[in-house]
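Spelled out from the first residue to the last, the chains are:
There are 2 protein chains.
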Amino acid sequence: MFSKTCEYAIRAMIFIAQKSKDGSKVGIKEIAKGIDSPEHFIAKILQELGRKRLLQSVKGPNGGFYLDDESLQCSLADIVKVVDGDKLFTGCGLGLKQCSETHPCPIHHEFRSVRKGIQTMLENAKLGAFTEELEKSLTFLKR
Amino acid sequence: MFSKTCEYAIRAMIFIAQKSKDGSKVGIKEIAKGIDSPEHFIAKILQELGRKRLLQSVKGPNGGFYLDDESLQCSLADIVKVVDGDKLFTGCGLGLKQCSETHPCPIHHEFRSVRKGIQTMLENAKLGAFTEELEKSLTFLKR
DNA sequence: TAAATAAAAGATAAAAATGTCTTTTATTTG
DNA sequence: CAAATAAAAGACATTTTTATCTTTTATTTA
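Protein sequence lines correspond, in order, to chains A and B.
Residue numbering for the first sequence follows our numbering, starting at 506 and increasing by one per position.
Residue numbering for the second sequence follows our numbering, starting at 506 and increasing by one per position.
Take these hints with a grain of salt, some might be off.
[Claimed, not checked] Chain A side only, calculated, beta carbon under 7 Å to chain B, not exhaustive:
#1 CYS610
#2 PHE635
#3 ARG648
[As the list claims (entries may be wrong)] Derived Cβ-Cβ restraints for the label pairs, each shown as a range:
#4 B:GLU553 with A:LYS549: 27 to 37 Å
#5 A:ALA548 with B:ASP541: 35 to 45 Å
#6 A:GLY596 with B:LYS641: 23 to 33 Å
#7 B:ARG648 with A:GLU575: 36 to 46 Å
#8 A:GLY596 with B:ASP591: 15 to 25 Å
#9 B:SER618 with A:ASP591: 15 to 25 Å
#10 B:ARG648 with A:GLY622: 20 to 30 Å
#11 A:GLU535 with B:SER642: 56 to 66 Å
#12 A:ASP591 with B:LYS647: 16 to 26 Å
#13 B:GLY528 with A:GLY622: 31 to 41 Å
#14 A:ALA548 with B:GLN603: 16 to 26 Å
#15 B:GLY555 with A:GLY568: 49 to 59 Å
#16 B:GLN578 with A:GLU637: 46 to 56 Å
Just so you know, these hints were derived from the structure itself, not from any lab.
Glycine included, each C-beta is placed from N, C-alpha and C at the ideal position.
Based on the provided sequences and hints, a complete structural model is requested.
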């Protein structure tokens with residue numbers, strides 16, 4: 506469904522969101538451990554998300570990554586678009602570039618509703634909304 | 506959503522299904538052209554589908570690939586399972602191996618219904634059912 | 001201002017997916 | 001049976017994705 510890169514991105518952003526709720530910042534080492542990902546690999550991903558303003562960071566002592574109030578309103582769809590592009594939301598299920606509403610592939614119409622469901626779900630999933638269940642250990646991000 | 510390999514596989518199987526309706530067989534060259542894919546690459550994929558009995562073939566003059574009545578009843582879900590495995594249907598959206606109903610990731614429950622939608626859609630899409638619209642050029646497989 | 005800290009950036013490597021080319025095997029037909 | 005045909009199989013190449021390691025830049029604190 507998502508690339509591995511995107512899975513890491515989502516997990517990291519949810520992790521940072523949780524840590525950001527009380528205004529604190531979190532270092533890349535802690536993030537990598539917290540979501541069980543390669544440190545430098547997730548660092549690259551976060552740099553990209555930072556450039557796209559989905560995430561904030563500061564260098565130096567007491568620095569780290571965090572999400573401001575606006576970023577906490579980001580949805581998973583926003584992250585997916587930055588990392589994997591929007592082919593999941595708009596691309597043809599069979600990979601046909603010329604596929605469209607008026608020139609559909611054999612599964613175009615069936616796919617439309619499925620895709621819509623994915624998009625709606627991801628757009629409604631705001632980063633700030635995962636904290637409570639994580640705190641209560643009703644959900645998890647590593648193992 | 507699917508790997509490129511799987512996209513080719515589905516396109517090829519729908520193509521062969523169409524040709525098989527009148528009992529004729531179709532060669533790998535014609536398939537590759539018909540779905541706009543690399544010839545030897547799709548050949549490999551069809552060999553695998555053949556080994557799994559989703560597809561029939563005969564060698565030699567007048568040989569080629571075809572689908573018997575049973576294979577025409579195959580669903581796209583069957584093909585996806587052979588080519589991409591069942592991670593699309595059962596895997597965690599965030600790539601967490603330990604994720605389950607009782608130990609869910611933050612998006613587990615939201616994902617369940619989306620995944621179910623995909624699975625239902627693919628299981629209901631039988632290879633034999635695409636022919637008519639293709640014949641009428643209401644849908645297409647290349648460009 | 002010097003030292004320490006932590007992200008940013010760059011370079012390289014490994015693994016997986018995708019694509020191409022050649023040889024082998026099975027089948028049919030004359 | 002010999003030749004032609006077409007799939008099966010094997011070897012190899014390229015591209016993309018994923019992962020690792022090193023250097024640079026920015027910031028803070030003593």
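Task: Violated hints - listed by number, lowest first - done: none
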